[in-house]
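Between the sequences and the hints, there should be enough to build the whole structure, so can you do that?
Numbered by numbering that gives the first Met the number 0, the letters in the sequence shown go through residues 0 to 231 in order.
None of these hints come from the bench; they were simulated from the model.
Where hints are given, some of them may not hold.
[Stated by the list, open to error] Calculated pairs, DSBU-like style, for lysine-lysine (alpha carbon to alpha carbon, straight line, at most 30 Å):
| id | residue 1 | residue 2 |
| --- | --- | --- |
| 1 | K35 | K10 |
| 2 | K10 | K104 |
| 3 | K104 | K121 |
| 4 | K75 | K85 |
[Unchecked claim] Cβ pair distances, simulated, as ranges:
| id | residue 1 | residue 2 | range |
| --- | --- | --- | --- |
| 5 | Q149 | P217 | 18 to 28 Å |
| 6 | S106 | N18 | 39 to 49 Å |
| 7 | K188 | E14 | 24 to 34 Å |
| 8 | W50 | K167 | 20 to 30 Å |
| 9 | E192 | D135 | 43 to 53 Å |
| 10 | D135 | S155 | 28 to 38 Å |
| 11 | S15 | G211 | 34 to 44 Å |
| 12 | P217 | S82 | 38 to 48 Å |
The C-beta atom is built at its ideal place from N, Cα and C for all residues, glycine as well.
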Amino acid sequence: MSGRYSLISEKEILESRFNIEFNKNFLAAYNVAPTKLMPVITAGKEKGVSWFYWGITPEMAKNKPVSQKLYSATDKELTEKFSFKKALVGRRCIIPADGYYEWKKISKKSQIPYRVIRYDNKPFSFAGIWDEYEADNGEMIHTFRIITTQSNSDISEISNTMPVIFGKEQEEKWLNPNTSEDELISILKAPEEDILSFYSITPLINSPTSDGPALIEPAPPVDQNGNYTLFQ
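Structure follows, in structure tokens:
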């Protein structure tokens, strides 16, 4: 997964989709990158929206060799690494979204940005795990990771990995504290085929500081240097 997604659906649509109340000050985010504070829904008896940092805080991002590895976790890592297995059992969450971004490599130095959405353009969720730690000032910091898996045929043309995308049935199992570990592992897979689509967008998405509706408009396939490609 490339490490970018969007959450631009209207507050009322999100509340209806996830059956939960979002903050009245919720703002659309066209270009969510690691370090951003974003809404997540955690597993447990009381369902509610929490605001966690994606992977790292802005302060942690200064340590680039570490920060670049903290925004995602593969489905295999959840069963192989002790810390992830612990999170699988007790620190699961879903991350509301309505699209994400992927970069198709066309050469060693060139890549084309694409936006991936549902065919019906409705919001969905990523499977995730969360963590917490105490900062130097004593404040408890919460972060989340998005779980990835092997891509299905919908997007394999642009990437061999993708986030685990849930529908409502999988969300209920993932958030249910009584779901067995075997059952949790069984739903960590790519969504059914013919659900997702993708289209090329502006290279402005390359900058994590870029934001706004122009980022999701269809655009000719152009790499970061402004060179066109015939790839679609």
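Cross-check of the supplied hints:
1. Between K35 and K10 the alpha-carbon distance is near 18 Å, which keeps this suggested pair within the 30 Å criterion.
2. As the CA atoms of K10 and K104 are separated by approximately 35 Å, the hinted pair breaks the 30 Å bound.
3. Distance check on the hinted pair: K104 and K121 sit about 27 Å apart at the alpha-carbon level, within 30 Å; holds.
4. Between K75 and K85 the alpha-carbon distance is near 14 Å, which keeps this suggested pair within the 30 Å criterion.
5. For the pair Q149 and P217, the beta carbons lie near 27 Å from each other, so the given range of 18 to 28 Å is met.
6. Distance hint check for S106 and N18: the Cβ-Cβ separation is about 46 Å, which falls inside the suggested range of 39 to 49 Å.
7. For the pair K188 and E14, the beta carbons lie near 28 Å from each other, so the given range of 24 to 34 Å is met.
8. Checked against the hint of 20 to 30 Å, the C-beta distance between W50 and K167 comes to roughly 22 Å, which is consistent with it.
9. Roughly 47 Å separates the CB atoms of E192 and D135, a value that falls within the hinted 43 to 53 Å.
10. Range check, D135 to S155: about 44 Å between beta-carbon atoms, so the 28 to 38 Å window is missed.
11. As the Cβ distance of S15 to G211 is approximately 25 Å, the hint placing it in 34 to 44 Å is violated.
12. Distance hint check: the CB atoms of P217 and S82 are about 41 Å apart, consistent with the given range 38 to 48 Å.
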